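J.: In order, the protein sequence lines correspond to chains B and E. Note that the working numbering numbers the first sequence so that position 283 is 283, with each residue one more than the last. Note that the working numbering numbers the second sequence so that position 160 is 160, with each residue one more than the last.
Careful: at least some of the hints might be erroneous.
Cut-off 16 Å, straight-line C-alpha distance, at most; resulting in silico cross-link-like pairs (EDC-like, lysine to aspartate or glutamate) [unchecked claim]:
{"#": "1", "chain 1": "E", "residue 1": "292", "chain 2": "B", "residue 2": "67"}
{"#": "2", "chain 1": "E", "residue 1": "325", "chain 2": "B", "residue 2": "236"}
{"#": "3", "chain 1": "B", "residue 1": "343", "chain 2": "E", "residue 2": "81"}
{"#": "4", "chain 1": "B", "residue 1": "417", "chain 2": "B", "residue 2": "497"}
Hints were generated in silico from the structure; no laboratory data involved. Since the model is a prediction, treat every value here as computed from it, not as a measurement.
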Amino acid sequence: MSTISAVAAHDDHHGPEKGLLRWVKTTNHKDIGTLYLWFAFSMLLLGGAFAMGIRAELLHPGLQLMDPQFFNQLTTMHGLIMVFGAIMPAFVGLANWLIPMMVGAPDMALPRLNNWSFWVLPFAGAILLSTFFMEGGAPAFGWTFYAPLSTTFAPDSTDFFIFAIHLLGFSSIMGAINIIATVLNMKAPEMRLMDMPLFVWTWLITSFLLIGAMPVLAGAVTMMLTDRNFGTAFFDATGGGDPVMFQHIFWFFGHPEVYIMILPAFGVISHILPTFARKPLFGYASMVYATASIAFLSYIVWAHHMFLTGMPVAGELYFMYATMLIAVPTGVKVFNWVATIWKGSMTFETPMLWALSFVILFTIGGFSGLMLGIVPADIQYHDTYFVVAHFHYVLVTGALWGIIAAVFYWLPKWTGKMYNETLGKIHFWWAMISVNVVFFPQHFLGLAGMPRRIPDYSLQFADFNYISSIGGFAFGLSFVLFAYIVVDCIRNGKPADSRPWYSAKGLEWTLSSPAPYHSFNTPPTRAEILEESQHS
Amino acid sequence: MKQFLTLTGAIAALISSRAVIAEYGLNMTKGVSTISGDIYNLHMMVFWVCFVIGVVVFGAMFYSIITHRKSKGVKAANFHDSTTVELIWTGIPILILIAMAIPASKVLIEAEVLDKADMTVKVTGHQWKWQYDYPEEGIGFMSNLAQSSRDAINLDDKPENYLLEVDKRLVLPVDTKVRFLITANDVIHAWWVPAFAVKQDANPGFINDAWVEVTEEGTYRGQCAELCGKDHGFMPIVVDVVSKDAFAAWVAEQKAEKAEAAASATKTWSEDELVANGESIYNANCSGCHQKDGSGIPGAFPAMTDSTIANGPASDHLDIVINGKGGMPAFKMLGDADLASVITYERRAFGNNGTVVQPSDVTSAR
Numbered sequence: 001m002s003t004i005s006a007v008a009a010h011d012d013h014h015g016p017e018k019g020l021l022r023w024v025k026t027t028n029h030k031d032i033g034t035l036y037l038w039f040a041f042s043m044l045l046l047g048g049a050f051a052m053g054i055r056a057e058l059l060h061p062g063l064q065l066m067d068p069q070f071f072n073q074l075t076t077m078h079g080l081i082m083v084f085g086a087i088m089p090a091f092v093g094l095a096n097w098l099i100p101m102m103v104g105a106p107d108m109a110l111p112r113l114n115n116w117s118f119w120v121l122p123f124a125g126a127i128l129l130s131t132f133f134m135e136g137g138a139p140a141f142g143w144t145f146y147a148p149l150s151t152t153f154a155p156d157s158t159d160f161f162i163f164a165i166h167l168l169g170f171s172s173i174m175g176a177i178n179i180i181a182t183v184l185n186m187k188a189p190e191m192r193l194m195d196m197p198l199f200v201w202t203w204l205i206t207s208f209l210l211i212g213a214m215p216v217l218a219g220a221v222t223m224m225l226t227d228r229n230f231g232t233a234f235f236d237a238t239g240g241g242d243p244v245m246f247q248h249i250f251w252f253f254g255h256p257e258v259y260i261m262i263l264p265a266f267g268v269i270s271h272i273l274p275t276f277a278r279k280p281l282f283g284y285a286s287m288v289y290a291t292a293s294i295a296f297l298s299y300i301v302w303a304h305h306m307f308l309t310g311m312p313v314a315g316e317l318y319f320m321y322a323t324m325l326i327a328v329p330t331g332v333k334v335f336n337w338v339a340t341i342w343k344g345s346m347t348f349e350t351p352m353l354w355a356l357s358f359v360i361l362f363t364i365g366g367f368s369g370l371m372l373g374i375v376p377a378d379i380q381y382h383d384t385y386f387v388v389a390h391f392h393y394v395l396v397t398g399a400l401w402g403i404i405a406a407v408f409y410w411l412p413k414w415t416g417k418m419y420n421e422t423l424g425k426i427h428f429w430w431a432m433i434s435v436n437v438v439f440f441p442q443h444f445l446g447l448a449g450m451p452r453r454i455p456d457y458s459l460q461f462a463d464f465n466y467i468s469s470i471g472g473f474a475f476g477l478s479f480v481l482f483a484y485i486v487v488d489c490i491r492n493g494k495p496a497d498s499r500p501w502y503s504a505k506g507l508e509w510t511l512s513s514p515a516p517y518h519s520f521n522t523p524p525t526r527a528e529i530l531e532e533s534q535h536s
Numbered sequence: 001m002k003q004f005l006t007l008t009g010a011i012a013a014l015i016s017s018r019a020v021i022a023e024y025g026l027n028m029t030k031g032v033s034t035i036s037g038d039i040y041n042l043h044m045m046v047f048w049v050c051f052v053i054g055v056v057v058f059g060a061m062f063y064s065i066i067t068h069r070k071s072k073g074v075k076a077a078n079f080h081d082s083t084t085v086e087l088i089w090t091g092i093p094i095l096i097l098i099a100m101a102i103p104a105s106k107v108l109i110e111a112e113v114l115d116k117a118d119m120t121v122k123v124t125g126h127q128w129k130w131q132y133d134y135p136e137e138g139i140g141f142m143s144n145l146a147q148s149s150r151d152a153i154n155l156d157d158k159p160e161n162y163l164l165e166v167d168k169r170l171v172l173p174v175d176t177k178v179r180f181l182i183t184a185n186d187v188i189h190a191w192w193v194p195a196f197a198v199k200q201d202a203n204p205g206f207i208n209d210a211w212v213e214v215t216e217e218g219t220y221r222g223q224c225a226e227l228c229g230k231d232h233g234f235m236p237i238v239v240d241v242v243s244k245d246a247f248a249a250w251v252a253e254q255k256a257e258k259a260e261a262a263a264s265a266t267k268t269w270s271e272d273e274l275v276a277n278g279e280s281i282y283n284a285n286c287s288g289c290h291q292k293d294g295s296g297i298p299g300a301f302p303a304m305t306d307s308t309i310a311n312g313p314a315s316d317h318l319d320i321v322i323n324g325k326g327g328m329p330a331f332k333m334l335g336d337a338d339l340a341s342v343i344t345y346e347r348r349a350f351g352n353n354g355t356v357v358q359p360s361d362v363t364s365a366r
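Make a model of the complete structure from these sequences and hints.
T.: Listed below in C-alpha cells is the structure:
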C-alpha cells in the first residue's frame with residue numbers, strides 16, 4: 001500500500017501534495033493565493049463582527065452593551081484587523097493567484113519565502129487577537145496608536161500588539177520582495193514593461209510602497225517598545241522626546257499605506273471595465289504614469305493627517321498644496337475609466353456592477369478627501385465622523401469593492417466553475433445600497449460635530465446614528481450571502497470556459513479553467529502577448 | 001446558542017425602540033467667530049466644486065451606462081488613446097485646484113496668525129476633563145462632565161444637553177480677541193468648539209496656541225476631538241460668552257471664591273465634612289478610572305477597596321495623588337481643601353480604614 005502511494009506521489013511530483021499538509025508545506029502560488037484569500041475573508045468577518053458591536057452600541061445614545069474601554073478596544077481591533085488582516089492579505093492573495101498567470105510565468109520567483117510570508121500571518125493575527133483575553137484588555141488606543149496613549153497609558157497587552165505588528169510587517173515586506181522579483185525576473189522574456197497588464201503594474205508599484213513604508217512602521221513600534229520597557233523617551237516630553245514625532249513617523253508609513261490598499265484595486269478595475277465594455281482600456285500609458293505619480297506623492301503628504309498638531313503655517317500650506325496635487329493623477333484615472341466605457345458595448349455581469357459602483361463611490365470618497373485637504377475646513381472636519389465617512393468610502397467601497405469585483409471576475413478561472421449570476425446580482429445590490437446607508441449619513445454626523453471614536457453621543461446625533469447602524473447590520477449580513485455564493489460556486493457551479501468572459505483579454509485566459517497547478521511551462525510568445533494585451 | 005439568541009433578542013429590542021429624537025444638523029455650523037463664517041464659506045465652495053465635477057463625471061457615466069449597452073445593439077468603438085484629451089483633463093483639474101488653493105490659503109493665514117490678543121486663557125486637557133486658567137486674572141478651575149449627564153448614561157430619559165454639559169463653564173467676554181494656550185497633562189487631547197471654528201491638539205509637554213474673537217453672546221458647546229482613553233467621549237466643553245461687564249463681574253466673583261477657599265484650607269475640617277465634599281470630587285475626578293464603587297478595572301486601574309495605599313500611611317497617599325505615578329495623573333491643580341477631602345474620602349469610604357487627612361497636611365506635603 002505504502003509503495004503504491006509512494007509511486008503515485010512520485011508520479012504526481014508536479015501536482016499538489018495530498019492531505020492537509022499540502023497547505024502547510026505548499027510553495028505553489030495558487031495554493032498560497034487561496035490561503036491568503038481565505039485568511040483575509042475570515043479576518044473580514046471577524047473585523048466585521050467588531051464593527052457590528054460598534055454599531056450596536058451606537059444605535060442609541062447611552063451605554064447599552066459595553067463599557068467605553070471595551071468600545072475603544074473594538075474600534076482599535078476593527079481598524080487593525082481590517083487593514084492588516086483583511087485588505088492587505090486579500091490583495092497579496094490576488095497578486096499570488098494572478099501575477100504569475102498575467103506575466104506568463106510558472107510560479108512566483110521565491111516560493112519558499114512565499115510560504116513563509118503567508119504562514120507568519122495566522123500567528124501574528126492570533127497574537128493580536130489574544131490580547132482581548134489578557135488582563136487590562138486589548139489595545140484601546142485606535143488603529144493609529146498615538147503616543148503617549150499607546151506607551152505610558154496603554155495596557156500591558158500593548159507589547160503583544162507591537163510584536164504582532166512586527167510580524168505583519170515582515171510578512172508584507174517578504175510578499176513585496178517576492179512580487180518585485182516575480183514581475184521583473186519571471187515575466188515572459190518577450191513581455192516588455194509597457195506590455196504588462198495594469199494589475200501587474202499597480203502591484204509592482206505597491207510593492208515599492210510596501211518596502212518603503214513598512215520598515216518605518218517597524219521603527220515606530222520599536223521606539224514604542226523601548227519607551228515602554230527600556231526607559232527611552234522618544235515620545236515623552238519629560239525625557240526630551242515629542243509625542244508629535246510619533247505621528248510624523250506613523251503617518252510617513254500611514255499615508256503610503258492607504259495607497260498600498262487602493263492601487264491594486266485600481267488595477268483590478270482597469271481589467272474589468274474594458275472586458276464588459278468590449279473596448280480597450282483608455283489611456284494605458286497615462287494609467288501607469290498616474291499610478292506612479294500617486295505613489296510618489298503618497299510619500300510627501302503625510303502631515304495632512306496632522307494639521308491640528310500645532311504645525312507652522314508654512315508646513316500647513318505645503319502639505320495642503322501637495323495633498324491637493326494628488327487629485328490630478330487620481331482624476332486622470334477616473335476620467336480614463338469613464339472614457340473606457342464611453343461608446344462601449346456594455347453588459348452588466350456581477351464584476352462589472354462592482355467595478356462601475358467602485359468608480360462612483362470611490363470618487364465620492366475622493367471628493368471628501370479633497371475637502372479634508374483644505375486646511376481651514378479641516379479644522380472643522382478633523383477627527384469627526386466626516387473623516388470616518390471619507391475613509392470608509394475609499395477603503396470599503398474602494399479597496400474592498402475592488403477585491404470583491406476581482407473575486408467575481410476571476411472566480412471561474414480559479415475554480416473552473418461559474419458562480420450563480422442571479423445571486424451575485426442580488427448580493428451586489430444588497431451590499432451597494434446598505435453600504436451607503438451606513439456611511440453616507442456619517443458625513444452629516446461629522447459636519448454636525450460628532451467626534452469619531454466616542455461610544456456615546458449627545459441627542460442631536462441620535463437619528464443618523466440609528467440609520468447608520470441599521471445599514472451596518474444589513475451590510476454585515478450581506479457577507480453571509482457572499483460566502484454562500486463562493487462556496488456554492490466551488491461545490492455546485494457549472495463548468496466554466498477557459499475564457500468565461502468572452503471579451504476578456506489577458507494571458508490568464510489562455511490557460512484552462514481551473515488554471516493548471518503550474519501556470520506557464522513555456523513562456524508565451526510576443527504574438528500571444530500582443531494578442532492578449534489590454535490596450536490594443 | 002442561548003447566548004446568541006439573547007444577543008439577537010437584545011439587538012432586535014434595541015432596533016425597535018426609538019428613544020429620543022432631537023434636532024439634528026446636516027451641515028457645518030456657520031459659527032459665531034470672526035473666522036468661522038469664512039471657513040464655512042470655504043467648505044461650501046469646495047463642496048459645490050466637487051458637486052459640479054461629480055455631476056459632470058457621473059452624468060457622463062450614467063449617460064454611457066444607459067445608452068452604450070450591448071442589449072441596445074450598440075457596437076463598441078475602438079479608441080483607446082488621445083494625448084490631447086489626457087492633457088485637457090490633467091490641465092483643467094490643476095486650474096480648478098489653484099482656484100481653490102488661493103482662498104484656502106487666505107483663510108488659513110487669517111485663522112492661524114494673530115497679531116495681538118486682548119486676553120489669554122490656558123487650556124489643559126486631563127483624562128477626562130478640562131482645566132481652564134486665566135493667568136492675567138489669576139483664576140483657574142476644572143471643568144468636568146455634569147453629574148446630570150453622568151447619571152443619565154443608562155437612563156432612557158436624557159437631559160437636554162446630554163453629554164454636552166459641564167459642572168463649571170468657561171466664561172469669555174464677547175468681541176474680545178482671546179488667545180488660547182493649549183496643552184495636556186497626560187495624553188493628547190484636542191480642544192474643539194465648532195461654533196468658534198477652533199480645534200487644536202493639546203499635546204503633553206508642549207503648548208499650542210489658537211485664538212478666537214466671538215461676535216455673539218451665548219452658550220457654545222464642544223467636545224474633546226482626539227482619542228484620549230476610556231472617557232474620551234465624556235469630556236465636553238461648554239463656553240458662556242457674555243458681555244464685557246458681565247465678564248468683569250464674573251472674574252471678581254471667582255477671585256472672591258478663591259480667597260474663601262484659601263481661608264477654608266487653613267481651618268481644621270471634621271471627618272464628615274471632608275467625606276461629604278470628597279465624594280463629589282471623587283465622582284467627578286476619580287470615578288472614571290477607579291469606578292464609583294472603588295472597584296477599579298483589573299489590569300488597568302487599581303481598586304480603592306482593600307488598597308494598600310488607602311489603608312497605609314497618609315504620606316504615600318498624598319504623594320501619589322499630588323504628583324501622580326505612571327498612568328495616574330498628578331492632581332496638584334486641585335485646592336488643598338479639595339485634595340484633603342478626596343483623599344479622606346478614599347481612605348474612609350469603600351470599607352477602607354485609613355487616617356483622616358486635613359488641608360494643612362496637603363499644604364505641607366506639596
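J.: Hint by hint, say whether it matches the structure.
T.: Hint check:
Distance hint between residue 292 of chain E and residue 67 of chain B is fulfilled; the C-alpha atoms sit about 14 Å from each other, no more than 16 Å. A C-alpha spacing of about 14 Å is found between residue 325 of chain E and residue 236 of chain B, which places the hinted pair at or below 16 Å, so the restraint holds. Proximity of residue 343 of chain B to residue 81 of chain E is assessed by CA-CA distance (about 14 Å); at most 16 Å being required, the pair is judged to hold. Pair hint residue 417 of chain B plus residue 497 of chain B holds up; C-alpha atoms about 8 Å apart against a cutoff of 16 Å.
Taken one by one, the earlier hints all hold for this structure without exception.
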